[in-house]
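A.B. asks: Single-letter residue listing:
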Amino acid sequence: MTAAAEGSPARRMTRARRNALLQSEPVQGFALISPTFLYAVILLVLPILVVIAHSFWTQNYLTIDRTFTLENYRIALTEPIYRDLLWRSLYISLMVSFFTVVLAYPIAYFISFHGGRHKSLWLFLITIPFWTSYLLRVMSWKVILGYNGVLNSGLMGLGIIDEPSTALLYNSTAVIITLTHAWAAFAILPIFVSLEKVDRTLVEAAKDLGDGPLRSFLRVTLPLSVPGIISAALIVMIPTVGDYVTPKLVGGKDGVMIANAIQAQFGKASNWPLGAALSVTTMLIVTLIAGAMVLIIRAAQRLAR
Amino acid sequence: MPEQSQAARPHQSERPPLSERPMIEIRNVTRSYGAFKALDDATLTIKEGEFFSLLGPSGCGKTTLLRMIAGFDNPTTGSIAVGGQPMEGIPANRRPTNMVFQSYAIFPHLNVEQNVAYGLKRLRLEGTEEKRRVEEALAQVSLTGLGKRLATELSGGQRQRVALARALVMRPKVLLLDEPLSALDKKLREQMQVELRRLQQAVGITFVLVTHDQYEALAMSDRIAVMFGGKIAQIASPKEIYQRPVNRQVADFLGGMNFVKAEIVEEDGASLVVDTLGFGRVKTDKPKAFVRNGGAATLGIRPERLRVLWDNATAKFEVAGKVVERHYFGEITHLIVEIPGLEKPLSVTETNDFGADDIPVGTSIRLAYDPEALVAMAD
Numbered sequence: 001m002t003a004a005a006e007g008s009p010a011r012r013m014t015r016a017r018r019n020a021l022l023q024s025e026p027v028q029g030f031a032l033i034s035p036t037f038l039y040a041v042i043l044l045v046l047p048i049l050v051v052i053a054h055s056f057w058t059q060n061y062l063t064i065d066r067t068f069t070l071e072n073y074r075i076a077l078t079e080p081i082y083r084d085l086l087w088r089s090l091y092i093s094l095m096v097s098f099f100t101v102v103l104a105y106p107i108a109y110f111i112s113f114h115g116g117r118h119k120s121l122w123l124f125l126i127t128i129p130f131w132t133s134y135l136l137r138v139m140s141w142k143v144i145l146g147y148n149g150v151l152n153s154g155l156m157g158l159g160i161i162d163e164p165s166t167a168l169l170y171n172s173t174a175v176i177i178t179l180t181h182a183w184a185a186f187a188i189l190p191i192f193v194s195l196e197k198v199d200r201t202l203v204e205a206a207k208d209l210g211d212g213p214l215r216s217f218l219r220v221t222l223p224l225s226v227p228g229i230i231s232a233a234l235i236v237m238i239p240t241v242g243d244y245v246t247p248k249l250v251g252g253k254d255g256v257m258i259a260n261a262i263q264a265q266f267g268k269a270s271n272w273p274l275g276a277a278l279s280v281t282t283m284l285i286v287t288l289i290a291g292a293m294v295l296i297i298r299a300a301q302r303l304a305r
Numbered sequence: 001m002p003e004q005s006q007a008a009r010p011h012q013s014e015r016p017p018l019s020e021r022p023m024i025e026i027r028n029v030t031r032s033y034g035a036f037k038a039l040d041d042a043t044l045t046i047k048e049g050e051f052f053s054l055l056g057p058s059g060c061g062k063t064t065l066l067r068m069i070a071g072f073d074n075p076t077t078g079s080i081a082v083g084g085q086p087m088e089g090i091p092a093n094r095r096p097t098n099m100v101f102q103s104y105a106i107f108p109h110l111n112v113e114q115n116v117a118y119g120l121k122r123l124r125l126e127g128t129e130e131k132r133r134v135e136e137a138l139a140q141v142s143l144t145g146l147g148k149r150l151a152t153e154l155s156g157g158q159r160q161r162v163a164l165a166r167a168l169v170m171r172p173k174v175l176l177l178d179e180p181l182s183a184l185d186k187k188l189r190e191q192m193q194v195e196l197r198r199l200q201q202a203v204g205i206t207f208v209l210v211t212h213d214q215y216e217a218l219a220m221s222d223r224i225a226v227m228f229g230g231k232i233a234q235i236a237s238p239k240e241i242y243q244r245p246v247n248r249q250v251a252d253f254l255g256g257m258n259f260v261k262a263e264i265v266e267e268d269g270a271s272l273v274v275d276t277l278g279f280g281r282v283k284t285d286k287p288k289a290f291v292r293n294g295g296a297a298t299l300g301i302r303p304e305r306l307r308v309l310w311d312n313a314t315a316k317f318e319v320a321g322k323v324v325e326r327h328y329f330g331e332i333t334h335l336i337v338e339i340p341g342l343e344k345p346l347s348v349t350e351t352n353d354f355g356a357d358d359i360p361v362g363t364s365i366r367l368a369y370d371p372e373a374l375v376a377m378a379d
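The listed protein sequences derive, respectively, from chains A and B. Just so we're aligned: 276 in this note's numbering is position 276 of the first sequence, and the numbers increase by one with no gaps anywhere. Just so we're aligned: 201 in this note's numbering is position 201 of the second sequence, and the numbers increase by one with no gaps anywhere.
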């Protein structure tokens, strides 16, 4: 108080106003989020704006012609190669998210309903594969699926096949298998969380009203864990559309995805605007599909009642 | 203790005599978790059409017993039969019981109608039978017209009614209620007590209620089992439980009670003669299941059974003392009266009609009592 008393009336006023400003809730809120907000602007919003801007420009050998054009989008949407790659990417990512959710659900269910006191131990064990580099995990799938790989020699040893199958590696199936394994944990966690939120007395109530274990699961537990299924599917689908390491390593010629084409445009082909247009197109399509997925699952949930 | 005057049963209508046929037979049931016994050798028979309450503090084993009747838990030893059929190995979904859960367990993804129809779906009823039964059940709990509401749009009282309708629509042999009123506010709770009782008499189904609220149990039940620490202490009608508690613990749990040290002078089959300091030599009915513990016993009297004697009024049985504390509760006043010779002062509950709220602290007063109101019990 002494400092305030010594100051001139005008200074006291500005100080009071500043204090009032600092104490207002919106200002405090902005102050609190400003570090993350700046971080998000610099590292997320600006790069996307740069990419969007590039997509309307033209590469002119070493320089970039900054006159507005939609030519890149025409190429991205009409060239058969890009269309095929986009379709294949979507197909692969949808298959991956489907299989990941189907395989992750029983694991999440087991941990949530039968994990007992060891739930956190189980979750911890699930993260163990992630202690090694993603590249190493992809390479080990190469070892498993390869011509002289574990699977082929195993099947030959059992006499099921006579010569090594080449259908295992270097195609989109290999990409789907590898990605499904790689993303399992990311699907288990959201499903686990939504299962944890299912009130156990609701399951008891279903049993009390005559449902056996399977019926009570289908009528109560499954519908109530739909939010977890949706988020698991989206968490897996969105990044896998743009994956380029996995197709490069195990996809071969048939497993190339759109991200490989984008990478080529930004790299060897050195056509940034076309790469940018492909990126933006992919982003928009993924957004649309993600939205559609949410709507479809919600509608299915409503019908299932 | 303002509720004491309300301890009278709010709904005491004529009801048909109970069937003597047993509906639930619990024989020597024990449920242990390691060394801890949640329920210890409970034996009890609940009759057909009876409103039976399991009353006790939390952790006394009442919910464990209810869950074992429902099939959510299994006895470690002992047997449970419902409707004459042993329940061993029969899962909850195939038992003739339905439950109203403490949290109500309303399915949040379904509306009121769908919640009530949940158990009927499996029965594949013909034509409009399902709809008719749902509407009948909703009418029984006064929820007609709210069928399309979502569970999230209901008040606590309405959710409770949905839970009740959902169980009743199954027409169970036994309806199990796990503290169904504990989440409601006082007014609504009292209203629901009356409604539940009425409903039970209308449908004639055996109700088993678990509660820790003694007034709830007294107001609604035909019979009550009072439980402590996994053991059943007393099974009797509300009136008997309240007036003739078997021991101090039961007496204390069922509202206020003055305890006076007593010495057993004489004991025979039906009565007990004890010597006390404040009340002299008293002959009382011997409580059922009285177990003598040496020569000592306890004599009890409810605070509302002691009445202040005004001016020169006299009574055949009276004790004199001095008011040391006075607590005002609106319709009643609670006096603490020191009696010479008694180690603890007596609590007296007096209605305020005659000015008990104006008796100054320090006044010497006389208290009248009816020797019938004195109850001897084990320590």
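Note that these hints are calculated values from the structure, not bench results. Computed from a predicted structure; not experimentally measured. Don't take every hint at face value.
Claimed, not checked - Estimated spans, in silico, between C-beta atoms of each pair: (1) B:GLU263 with A:GLY116: 46 to 56 Å; (2) B:LYS121 with A:ILE296: 22 to 32 Å; (3) A:ALA20 with B:SER58: 48 to 58 Å; (4) B:GLU338 with A:LYS197: 22 to 32 Å; (5) B:GLU338 with A:ARG200: 12 to 22 Å; (6) A:PRO106 with B:GLY89: 53 to 63 Å; (7) B:ASP41 with A:ARG298: 46 to 56 Å; (8) A:PHE37 with B:LYS121: 42 to 52 Å; (9) B:GLY89 with A:ARG200: 48 to 58 Å; (10) B:GLY84 with A:GLY116: 34 to 44 Å; (11) B:THR77 with A:LEU135: 58 to 68 Å; (12) B:SER32 with A:LYS197: 28 to 38 Å; (13) B:LYS121 with A:ARG298: 15 to 25 Å; (14) A:PRO106 with B:ASP41: 49 to 59 Å.
What the hints assert, rightly or not - Examples of chain B residues lying across from chain A (beta carbon under 10 Å, computed): (15) ARG95; (16) ASN98; (17) MET99; (18) ILE106; (19) PHE107; (20) LEU110; (21) LEU123; (22) GLY127; (23) LYS131; (24) ARG133; (25) VAL323.
Cβ atoms here follow ideal geometry from the backbone N, Cα and C, with glycine treated the same way.
A.B. asks: It remains to establish, for every hint, whether it holds in the given structure.
C.D. replies: Outcome of the hint check:
no., hint, in the structure
1, B:GLU263 with A:GLY116: 46 to 56 Å, "55 Å, holds"
2, B:LYS121 with A:ILE296: 22 to 32 Å, "25 Å, holds"
3, A:ALA20 with B:SER58: 48 to 58 Å, "50 Å, holds"
4, B:GLU338 with A:LYS197: 22 to 32 Å, "58 Å, violated"
5, B:GLU338 with A:ARG200: 12 to 22 Å, "53 Å, violated"
6, A:PRO106 with B:GLY89: 53 to 63 Å, "27 Å, violated"
7, B:ASP41 with A:ARG298: 46 to 56 Å, "53 Å, holds"
8, A:PHE37 with B:LYS121: 42 to 52 Å, "50 Å, holds"
9, B:GLY89 with A:ARG200: 48 to 58 Å, "22 Å, violated"
10, B:GLY84 with A:GLY116: 34 to 44 Å, "37 Å, holds"
11, B:THR77 with A:LEU135: 58 to 68 Å, "59 Å, holds"
12, B:SER32 with A:LYS197: 28 to 38 Å, "32 Å, holds"
13, B:LYS121 with A:ARG298: 15 to 25 Å, "22 Å, holds"
14, A:PRO106 with B:ASP41: 49 to 59 Å, "41 Å, violated"
15, ARG95, "8 Å, holds"
16, ASN98, "6 Å, holds"
17, MET99, "5 Å, holds"
18, ILE106, "8 Å, holds"
19, PHE107, "6 Å, holds"
20, LEU110, "6 Å, holds"
21, LEU123, "8 Å, holds"
22, GLY127, "20 Å, violated"
23, LYS131, "16 Å, violated"
24, ARG133, "13 Å, violated"
25, VAL323, "50 Å, violated"
In terms of the numbered hints stated before, the structure departs from hints 4, 5, 6, 9, 14, 22, 23, 24, 25, listed from lowest to highest.
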